[in-house]
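S.K.: Residue-level listing of the chains:
Protein chains: 2
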Amino acid sequence: MENRTEISTLGEFGLIDHLTKNNEIKNSSTLVSVGDDAAVIDHFGKQTVITTDMLVEGIHFDLMYTPLKHLGYKSVVANLSDIYAMNAIPTQVTMSIAFSNRFSVEALDEFYDGIYAACDKYGVDLIGGDTTTSQKGFIICVTAIGEVAPDKYVTRSGAKKADLLCVSGDLGSAFLGLTLLEREKKVFLETKGVQPDLENQDYIIGRILKPEARKDIIEFFAANEIRPTSMIDVSDGLSSEVLHICKQSNVGCVLYEEKIPVNDLARRFAYKLELDPTACALSGGEDYELVFTLAQSDYDKIVLNEQISVIGYITEKEEGTNIITKGGNKHAITAQGWNAFK
Amino acid sequence: MENRTEISTLGEFGLIDHLTKNNEIKNSSTLVSVGDDAAVIDHFGKQTVITTDMLVEGIHFDLMYTPLKHLGYKSVVANLSDIYAMNAIPTQVTMSIAFSNRFSVEALDEFYDGIYAACDKYGVDLIGGDTTTSQKGFIICVTAIGEVAPDKYVTRSGAKKADLLCVSGDLGSAFLGLTLLEREKKVFLETKGVQPDLENQDYIIGRILKPEARKDIIEFFAANEIRPTSMIDVSDGLSSEVLHICKQSNVGCVLYEEKIPVNDLARRFAYKLELDPTACALSGGEDYELVFTLAQSDYDKIVLNEQISVIGYITEKEEGTNIITKGGNKHAITAQGWNAFK
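So the protein sequences, as listed, match chains W and E. The C-terminal position of the first sequence is numbered 342 in the working numbering, with every residue numbered one higher than the one before it. The C-terminal position of the second sequence is numbered 342 in the working numbering, with every residue numbered one higher than the one before it.
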């Protein structure tokens, strides 16, 4: 970065004006946006869906290998994914950030470039937030708002016995991308001057640094009149998400290891690192795919969609939550996903 | 505090269950609350109002003299105040927190006691949030949601020439309370063992540690069919808020120093510290009173309400934004309110 403008030269309100000067409204439901005590939204008879996430430097992200533009993009996308996981359409976001004085206006511009890129891609409006200082590091809190036709939202608690257990896309790549970045960071720190070797690993690195939310899957559901019985997005890993659905729906499940979708490039990289690709999918997290359950009668509607895999089925609660391995063994599913409190 | 339970004994989901186990839903508009990817709200044809704030330990609050219960209460109230400032009724909040390992489950319980106390008092539901760790200090991000009848919201930009400039309650006390607490902290740190002298200063200390939002004023407006032409809440100080209204409404104003309401106890304490009570009101902030403008034809409706003071009037933009001092001098209003970036 060539230029460095100190935040203090703008002040809080000047900074907000600067960061939001090109902010365009895309949704007619956005009545009042940035610049008042609060924003106003009119969802015209729809129901409002809302979610929020806090991301802390050093806990959730490492600026050594995370470009600020990607971080802004991902902060928004991770929240939109939660809105899609309710079978809703995201319409607005608010963005609150706190940062220490090591950040310049140019650095924040990069971060906001990522925010606006995500807003453009997903058709959502940035309608407010807060900008303040921190004593240490960069802290982000995003709230996303969406809309859904009355009572068409999908929670985690509606899975029924014999429903199909499904997942979109593929799993484990984000974790493998993170593992690669952490490995190259370590090499770089230990051997000054050695540049990171990220060759041919665009796919897994893209999955961790610039994930996408599955807008297409929600649109596919709407176009084909599919309403999942339960749904959740993959933030902590497949095991954790499946257990959430089973616990909140008061059911059990059988999951087939061989059915879990893993990308070929990711699988090869996992073997190179002597990691089990299935373990990466089960415990990795941050894939932002959708895990959902469907009535069996909807099977015909999804069978031709290559972005949807049936990975198991729902059972009575008493049968437990189990995975059948490729070798035919049955194990209880345990959540070993990401835990900020470990 | 006698007991100390480590957060790690509960884990993230256990902690969320623990903190929200007594969470009661008060609004029929709350369809899905804590425990899913997102919450769902149905405002039954009303418009949705949304605001968010981030609070950082060491920047916005000092835990040396801020009880966690009060902090929880104030975090919610400050956001509800922004909803009221839109002439709307708050209905839901989300609460995201990040904290270092020096916080115990009991400490978070105290913080949540304050959150629930505010939710009870103002009739709002806690519907979601995020709990995570920080590398340093306690970070809070609150989002508040409210509702307003279609197009009855009030922004900062509707003030018209000849409108009355009004304020609720009294101003400057929160700043004086903060000044007292900072003074006693300094004495305590410099002279170990000397207990703080806060006698007879309950009013100003209450104003900084446990502020209230002016729900009553918004209810008064509704009962008397008053719709302010513009409105803002006092978070940064009267000067800053009046300048926001004038800038966004493209108008000027005349403000009379002698009309600015200051509490008697606060005034006496200001003189004791050789501070100008007017300066405390203009630049102090955190009073969470409402500053608003009214058509002159509404004057009869507010004249008997002792909680509302007329402090000036709106002029053409070209006349500037001025204050007439008690001595009869005219000065341009300057914002010297709180600035996190100074």
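Bear in mind the hints are in silico, worked out from the structure with no lab data behind them. These figures come from a predicted structure and were not determined experimentally. It is possible that some hints are incorrect.
[Said to hold, decoys possible] Below, in silico cross-link-like pairs of lysine to aspartate or glutamate (EDC-like), each with a Cα-Cα straight-line distance of 16 Å or less:
(1) E/Lys210 to E/Asp113
(2) E/Lys247 to W/Asp17
(3) W/Lys186 to W/Asp202
(4) W/Lys161 to W/Asp17
(5) W/Lys247 to E/Asp17
(6) W/Lys160 to W/Glu318
S.K.: Does the structure break any of the earlier hints, and which numbers would those be?
M.R.: 3 and 4
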